[in-house]
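Undergrad: Each chain is listed here by its residues.
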Amino acid sequence: MNTILSHLHPASRRQFLRRFGLGLGSLALADLLGETGTASAATAGVLPTTHFPATAKRVIFLFQSGAPSQLDLLDHKPLLNELHGQELPDSVRGAQRLTSMSGNQATLPLAGSPFKFARHGHSGTAVSELLPHLAKLTDELCVVRSMHTDAINHGPGVTFLQTGSQFPGRPSMGAWIDYGLGSENENLPAYVVMVTKGQGGQPLVSRYWGNGFLPSQHQAVRFRSDADPVLYLNNPPGIDAAARGDELAALKQLHALTLEQTSDPLIEARIAQHEMAFRMQASIPEATDLSDEPQSILDLYGPDAAVPGTFAFNCIQARRLAERGVRFIQLFHQDWDHHGGLPQALPTKCRETDQPSAALIQDLKQRDMLKDTLVIWGGEFGRTNYCQGQLTANSFGRDHHPRCFSIWMAGGGIAGGQVYGETDPFGYNIVESPVHVHDLQATILHALGIDHTRLTYKYQGRQFRLTDVHGEVMHSWFG
Amino acid sequence: MRLLAAVVAAVVAASVAVGDDVAASTGSNLSFNRDIRPILSENCFFCHGPDAATREADLRLDIRADALEGAIVPGDPEASELVARVLSDDPETVMPPPHSARGLSAAQKATLQQWVLEGATYQSHWAFVPPERPAVPGFETSAPDAAGESARQSWRSHPVDRFLLQAMDREQLTPQGEADRETLIRRLSFDLTGMPPTLEQIDAFINDRSPAAYERLVDRLLGSPRFGERMTADWLDVARYSDSYGLQVDRDRRVWPYRDWVINAFNAGMPYDQFMIEQLAGDLLPGATESQILATAFNRLHPQECEGGSVPEEFRSEYVADRTQTVATAFLGLTLECCRCHDHKYDPLSQQEYFQLTSFFDNIDEAGLYSFFTAATPTPTLALPTEPQRQQLNERMRVAAQEQARLAALPGDRSSGFERWLQAQRQSAASSQPPADQPTLAGQIAYLDFEQAAPAGTTAVAGRIGQAVQLGGDDGVQLQVGNFPRWQPFTVSLWLRVADHKERAVVFHRSRAWTDAASRGYELLIVDGHLQASLVHFWPGNAVSIRSQQPLPLDRWVHVVMSWDGSSSAAGLRLAVDGAAAAVTTVRDGLTKNITGGGGDELMIGARFRDRGLTGGRVDEFRVFDRQLTQLEIAELFEPGRIDALLRRKVLSDAEQQQLLEYYLACHDSEYLAQLHRLREARQQTFSLADELEEIMVMREMPEPRQTYLLARGAYDAPTVPVDAATPAALLPFDPALPNNRLGLAKWLTDPEHPLTARVAVNRLWQLLFGRGLVATPEDFGNQGSPPSHPELLDWLAVEFIDSGWDTKRLIRLLVTSAAYRQASAEANSRDPENIYLSRSPRYRWPAEMLRDSVLLTSGLLCETIGGPPARPYEVEHSFKPVARDSGRGLHRRSLYTYWNRTGPAPAMTTLDAALRDVCRMKREVTATPLQSLVVLNSPQFAEAARELAQRLTRQHGDDVEATLRDLFRILTSRPCTAAELRVIHELHRQQRERFTQHPEQADQWLSVGAVPRDPALDRALVAATASVANTLFNYDGSVTKR
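Protein chains in written order, with the working numbering: chain A, 300 to 778; chain B, 1398 to 2440.
Read the hints as simulated data drawn from the structure, not as lab findings.
Any given hint could turn out to be false.
[Said to hold, decoys possible] Mimicking DSSO-like on lysine-lysine, the simulated pairs with C-alpha atoms at most 30 Å apart in a straight line are:
| no. | chain 1 | residue 1 | chain 2 | residue 2 |
| --- | --- | --- | --- | --- |
| 1 | A | K435 | A | K415 |
| 2 | A | K496 | B | K2439 |
| 3 | A | K551 | B | K2278 |
[What the hints assert, rightly or not] Stretch-level coverage of chain B by chain A, calculated; a stretch enters the list once three of its residues show a Cβ under 8 Å from a Cβ in chain A:
| no. | stretch |
| --- | --- |
| 4 | 1696 to 1704 |
| 5 | 2326 to 2337 |
All residues carry an ideal CB built from backbone N, CA and C; glycine is no exception.
Whole structure, please, built from the sequences with the hints as guidance.
TA: Set out below in structure tokens:
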């Protein structure tokens, strides 16, 4: 028997992987054997082709957990400065439910942004002084000021944005995309998550990038900033590469002996599984080792760029993974939940993220990758125009606000230099072109060439999809 | 109408061409449930099914009478609109419509035509008809020389085999012969105990040549306590068991006693109906035992939230929904979740019925959030005292009751003292001036008259006497006293003036926050215009609370007193308004734990974190006492001089006499005071012990059932019509003799006539042993689920299960003694690639728990203890939410005990496909990923086990490498290695031994993995090489795959 994977020509190896539903970072044995599962997932993706031509080959989602204040960053409301300290009119609030944090407050005083806004670029998009690097790139950006969501708290809010449902149990967006499209790289996972190290704020939970009811192979692989970028990637102490090589060679021989007795695809898959693990042990350290990045690139991403675990470091990693064919890369940066002390805390968050985010766009652009890489920046909801707690001369806070928030996107077929949607002068309600979270999800899938209504998975008797039974593609965003 | 007829005619003409193929391709024996229902359900019911709200064209196809009204003419496809529509090539008329993303294959269209031609008979959905025991099929001997006939012959005696063989004959498949004994004992040991057999057990089985050897083995394994652990590991996915609450904040919770209950239930052979009844409604059984109440923790294992700012009712309604859906999935195999927002699209279940079912689970005194600022167990709870605690508590309660009885008897004994005192007081009163305005009563520990500058956020205003404070609502007045334990009597007195009707306002409190702290402490609120006083451990389920029957008078100064006797019962909590005891209603009377802790240790007036303050309200003359004032003293505070006036009066009414007696005893009688002190001491002893008891969340019905509502779109804030508890009508009528509560529901579920319960149960047990259920969708027995591969067998097993008294062990014994279970595995057969018909033994990778447990067992590291708190092995250090690993036995406990955190579940387990346990899951998908290889190749858990196994063998065989390797291979695979296999591992061993000899430092590193120290007496390079071979073999297909 000579069907050992490494002896195959690359093309036939790919064929083998497809035939057995293997590959590209993971294998689905249930399907291979058909003995235990009903899933038809193959890691080449369940979709034989995209539903229509994709404008983006990959997505980098810079998730800002805790909900950044749109009123201090991307949605300028001078009226709030004029009415600073006055009560939020009931006519503006309407029937909006409040969180139980400020819902019992005796007063809800409006709070103007203490930060200056200016218009930038040909598009003239207004951006806060807290984002000086991003401000230079407004002509690359599509700023959406009319996002809205159903959730008013972090757990449900992030879960909703990630999975299309406020409650646990559904697959995350990246898992859906992995399930639909599979991977472009045999040696790296298709869905990678990186979390900025050592940040406080609202806790993250691994369910946010989980597989829900999809097979577990579709969950994100979280790259860590410690010695093992992936769980147990390194050999145990004392087992060097040569010793491991001998172990795997022996294992392969044992499996080959079994194959002589019976042609069992399960064993062929077992061989492939171990070989891919062996290759990942080389490819992941290669992908995550920044030592070959020139100083000019590190400078572009800013002073934190060389420090493992920082947002800047993760942004460079995101670009490296994008170059190597990882399809969905998601960064999580925490601690945007500014219920109090916003004027002091928000600039810190912006310092950590503004330059690296802008650098990522520039870096992708100079490699001619921005055109097919969709970069998204945003959080789970917005923040209130009124102050939570004490409004003092120097400080205030903002509570959660689901009715409107802002995000930006760049690349991947989305036209730059646009501002989409509008909120009222109070920054409380959307007055033009609302975009629901399901719409955003539908549009992200659309950019990848997927019809969000047709990427489904049957579970509990029903065809589930990322956008539940909702979602409109924002066609006008595309250039 | 004319237009329609024209369309039909055109379509019929087009369809004639395929007409001949119809009969040819489908034959004539169409079964509605097997052949037609899946087509209609997948393609038609979405718009023409049970959901009335979205039904199109008023056409319903799931009920024959309705379908016949417009869509189907039995026997006449040409006249049937249904046929016309599915055959149409006009995008305007074709069904299903193009935008639906559904579509029929040519064969499906032909099948529908044939079915209409044959008369369009319907059958009830198979799973909604009670199972009846079908006759066991006969056995027909084929020609003796036919392929597989000898194997067939061994299938003739077991009923399960006869059913399977009947289908196999139909599919022209033949079974495999019996597997060899090593394979059998390995398969059986894993399946029944989750672990491989030892070499001694293998040898004993091979050498036991008696005909009953196999049955004896089965009985031994079923009798092993490991059986209960193996079954429990599986059940924990169904029960969504987790050691943390989940959702966002995700603190730890103590629910492992429930896991122990499950292990015990399986090991004790508890009948499955009892297993269900106790978990669903153990608390409602007559004379419920502690264990039966504990079992109901099953209903509370859903995720719970405490994120700041969350709306409690939103999450409470989510908990109720989760309980309901878990029962529907686990016991009914129904996808009830669909009905939360609308009538079911495919099954005869309405949204109304969904909420009727939730009503059974809506009726416990719970909060929507667990406490952010305290570690209180969310109510309702069951205290779980240890045996010594139980005895001690009983003794202390006896003493406290005795002290209380003594106190109650004292007034009569002290009447002469009272008379003497009264006499003396009258004399001194007569000879003295009336007292000054301000009373001085014993035990006053704080007094605020608000004559100084108003605190921040408040305003000084005209008061009852001098100045008062007016509250803004967001800032309170902070005192420096008030952290009373629940055995400490106390009194708070104030003048209060409120101008407007308040839905809710905090008058004063001792607590950190409102819902975030579960209101731990005590408080006086205005609720809907009435005064409400409470002492709270966890609101609402562990508290005493009373509410004044009269509303608080508005726009004038009112004197208000809240007082407490330290008894921990609502009778000891009193309210007085304007000097007189207020008539109150008891709101809660179940305080069993401390009211201290959680922060906010001192009294505050008029505001609370995240609560609604006393906006615009005024407070004056605020006093705190560390004793419960008597009625007379309270009157004195309202109207100073009252005591003196009574003492001066010559003639007293009985009531006045009584008031003076109480006052005397509480303030002037040293014996009474001493007894009061003894009672307080006894209560302190009792309560402080009760405060230490561990608790677990359970179910306990509220005395007054909560009214459940149908929630529009399932939204917590959109209640519409009230609904009462009821079960879905399509399944089985609810016996009116049953109580209409969870116990009735449990009895309804376990009624032998119930169409689903037993089928769902035996299907899961089948899946447990064969990898795939007879119904491949164990979570969905509805119209959209997979039809059973062997419907008669499923029914026969269901009835057999019920008739056996729901005996789980007996059913498992029945299944594993079948020839089907005992047959060999073989290459996939192209006639049945998915092995639906079981003509070979299924092959799949063992679940995560078994992979890890088996290396713990074979290495000798396994900690043998059964049950207990969660263990934290190596992998929890690397979870998304890392926690410190255990240092001792916790590293080597069976995997079902591994600490389960929903935010960061055990990463090696989840890599190996373990369920995440945030919702009820009935099966796991099996995958094989490179990340799994990394876990088994590189993790310290496996590396340490490899070394221990190597040491064990080295101690036994010394330098006899071949003997070591032969044993090693056999320990891990349960079979001897072939000569060729031995050569491979021998060569690996030689390479590694040479390497470790040359690089002793590498051997040292390799042998130092894990917390257990290596055995220094053994040859370093030899052990290191053997460990490397062992670690390699952990990944070998023969070690990890069921065959």
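Undergrad: Against each hint, give a clear statement of whether it holds in the structure.
TA: Against the structure, the hints:
Between K435 (chain A) and K415 (chain A) the alpha-carbon distance is near 15 Å, which keeps this suggested pair within the 30 Å criterion. Of the supplied pair hints, the one linking K496 (chain A) and K2439 (chain B) is violated, its CA atoms being roughly 41 Å apart against a limit of 30 Å. This hinted pair does not check out: K551 (chain A) and K2278 (chain B) have alpha carbons roughly 36 Å apart, beyond 30 Å. Coverage of the stretch 1696 to 1704 of chain B by chain A holds in this model, with 3 residues showing a Cβ closer than 8 Å to a Cβ of that chain against a need of three.
With 11 residues having a beta carbon nearer than 8 Å to a beta carbon of chain A, the stretch 2326 to 2337 of chain B meets the requirement of three or more and the stated coverage holds.
Taken one by one, the earlier hints fail for this structure at numbers 2, 3, listed in ascending order.
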